[in-house]
Amino acid sequence: MTVTESKPEEVVPDLGAAPAQPALPPEPPSGIAGVLGTADHKTVGRLYVGFSLLFLAAFLVTSALVNAEAMDAASLSILDGNSFFQVQTLSQIGVVFLGLMPAFLGLALFVVPLQVGSPTIAFPRAAAASFWGWLLGAGLLIAAYIGNGGPIGGNSDMVKLFFVAFAMVILSLGLASVCVVTTVATARARGMSLMRVPLFSWSMLVAGSMWLLNTAALLANLLIVYIDTTHGQVLYGAPANRWIQLTWIFAQPAVLTFALPLLGILGDATTVATRIRPARYGVSLGAIGAAGALTFGAYAQTAFNPALITEGLFVLQSLAVILPLLALLGGVADSVRRGRLRPTSAFLVAVAGMLLLLGAAVAGGLYALEPLNLGFTVWGAGVGNAATAAAVAGIAAGVFHWGSKIWGHRVAEPIGKLVFLAVLAGGALYAAGQLIAGANGQLPVLPDGTVDSVAANAELGAMLSTVGCALLAVVTVLVILAALPAALRRGPKADADPWGGQTLEWATSSPPPHGNFLGPIAEVTSPSPLLDVREGAAKEIV
Amino acid sequence: MAASVVSVSTAPPAPPQRPRTLLVGTAITACTIGFAIFCMVGLYLARRSDVLNTGQKWLPKGSVIPLPQPNMMFVTLLISCVTLAWGAYALRRDDRQNAYVALGLTTLLAFAYVVQATYLFSISGVTVDAPLGQGVLFWAISGTHLAMVIGGMVFMLLVTLRALFGGYRQLPEGVTAAAIYWSITVGVYAVVWYAVYITK
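Protein sequence lines correspond, in order, to chains A and B. Counting along the first sequence from 1, when you hit position 206 you're at 206 in the numbering used here, and nothing is skipped either side. Counting along the second sequence from 1, when you hit position 121 you're at 1121 in the numbering used here, and nothing is skipped either side.
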């Protein structure tokens, strides 16, 4: 072997200002082999969306079951004392890590490369590995619970399996987040500066970054709890304390992070619905970025510092996050005022989600105000419920907005109007129930399913939350029903651009071909490249 | 609904590639791992503070964390940063001989770190089931960082082997990505070194 050969001339990298184009994976085979062995971001995205919607519907049902138990505070009527806490923790993990996060990531894996004009996702094989790792982790997680595992289960082997499976789920979702964030950061079309990135892609850059930070901290907690559990339980003691170390991820402010992509979906749906060029684009980008930064919650671990919820940083953060959300909502109202509104399902559902998220932020702000004495009551759960409902609305809006692009057939748009009503009512009830109980001083249910004391209207609140959660489960089922014919290639074929869209994903066929675009993307000169073409400011984009 | 497809016709020339994807992806991944370790260090410091406030000693009886080994481990990692920078510099100048020597040295230094860490663990006497939870936190932090180092070694070995077997096209980007990962790994160790090994 010689070590004196010179570097071939043709491989000198161009370090100029040209955009990156990740290497395109080989064209996937068709059929089952195409699904199992694919590294195509579109197939991986579809798989993520499909499975996560099924998980979301199932775990919203179990969550409704847990809420129903609190309707009679005196005793458990459906579950027994051993299984109550298990079902409760499984529901929380299931809704967020098997439902909301993977659904948004699935949408992002499909849509983000198209929006930024890339032929593929960054690290396509890693994206595929993340899906299969997540699915395997989800299966093991559920199996661990079935085998009396979970955070306080009685079977020590299954408890260990629970921690390993949960870590596997988190790592897989983290890997998918890295792929999405890297795509937005490096694979944009020529001329598409970060100030011109479509709002959904931008929101995924922000959300993905925040998810990585928050879940990295969660993984650190998980590792320590796992080591403690397997080596004498000297650090945290009783099994119930294990779960407390992990609950900050489902509490304010971290829980708001899971609804962040909704902000981008609302932005993109608004430009389509109002049919005008977005105004003050930089403000929208800044507001989404600020909202993301203000949902950083890894430090807010009340298990270590219960007094944290009265400290200045937490209070300031809780109140400040309301401002960027108000700015975004104001921008939407301004667009509606200036444009010719066409109330698409995606727009309506996204607006409902935005109102719920704003409600969550306001409720979170009140939670942080010490004189109101809401700390450690179920008011905090109400904040989480509102954020969860907002995220469900975001996923529904995303499916209605990009469903035809994803599956190549039209998604049943009329169902979207029903989803709008159901998600607004369901989300409001889901949150209001806990907020009412929390305002009356109701404390959370103990691990054995009992409560220390029953506050006034607590049972009414539980009933409202149960109805609300059930409605959100119905919303998820409706979204599945609306998308199912398209996913099965039934019904009318979708046009390339059914909405008169302004961003690059609408410049290619539905579904997009291998490589996404039939040719290279021309230089992008604004956040609305397709509108530039229509208005004659640009000649062509593909 | 209207279906106005944007025109598809002659396209401008394909844009040249800018090899940043691996760099950015590696940086994001390394920062995420580093952040997870920082969180563990935070929990470690909080727990240690709680224990010290009760008037108890932090390190369990019979345990010791000597200074020479952690210091030498730090010096080893710092030298490996220099050799890695040497390798990247040599590659940019098409000097493959120097590049191979530098990358090989870096991998060797990383291996030396692993050996020293293993020795430190064997003499420290900190057991995982130490009564106040010190062992759980100590092993979680040091073990995760060791895993991060081993991950970096594998990464460096891969890019070096790709160079040896002619994968020159990806080499400069791969080595730079490995250098970013390694630099973050050393930065994380600096925090662990001070918080866990020095202040004890």
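Some hints could be false.
Computed list of chain B residues with no C-beta within reach of chain A, every gap over 12 Å [unchecked claim]:
#1 1025
#2 1069
#3 1089
#4 1143
#5 1199
With beta-carbon atoms standing in for the labels, derived distance ranges [as the list claims (entries may be wrong)]:
#6 280/A with 1143/B: 43 to 51 Å
#7 338/A with 1143/B: 53 to 61 Å
#8 340/A with 1046/B: 33 to 41 Å
#9 480/A with 1123/B: 56 to 64 Å
#10 1198/B with 307/A: 54 to 62 Å
None of these hints come from the bench; they were simulated from the model. Just so it is clear, CB atoms sit at the ideal spot from N, CA and C, and this is done for glycine as well.
These are the hints, each one checked on the structure:
1. Consistency note on residue 1025/B: stated as away from chain A, yet its beta-carbon is not over 12 Å from all of that chain's, at 4 Å minimum.
2. Taking the minimum C-beta to C-beta distance to chain A, about 22 Å, the non-interface status of residue 1069/B holds against the 12 Å cut.
3. Every C-beta of chain A lies more than 12 Å from that of residue 1089/B, the closest at about 14 Å, which supports listing it as non-interface.
4. The claim that residue 1143/B is not at the interface with chain A is violated, since a C-beta of that chain comes within 12 Å of its own (minimum 8 Å).
5. Look at residue 1199/B: its CB is around 19 Å from the nearest CB on chain A, clear of 12 Å, so calling it non-interface holds up.
6. In this structure the hint that residue 280/A and residue 1143/B lie 43 to 51 Å apart at CB holds, the actual value being about 49 Å.
7. Range check, residue 338/A to residue 1143/B: Cβ separation about 58 Å, and the 53 to 61 Å hint holds.
8. With their beta carbons about 56 Å apart, residue 340/A and residue 1046/B fall outside the hinted range of 33 to 41 Å.
9. In this structure the supplied range 56 to 64 Å holds for residue 480/A paired with residue 1123/B, their Cβ-Cβ distance being about 59 Å.
10. As the Cβ distance of residue 1198/B to residue 307/A is approximately 29 Å, the hint placing it in 54 to 62 Å is violated.
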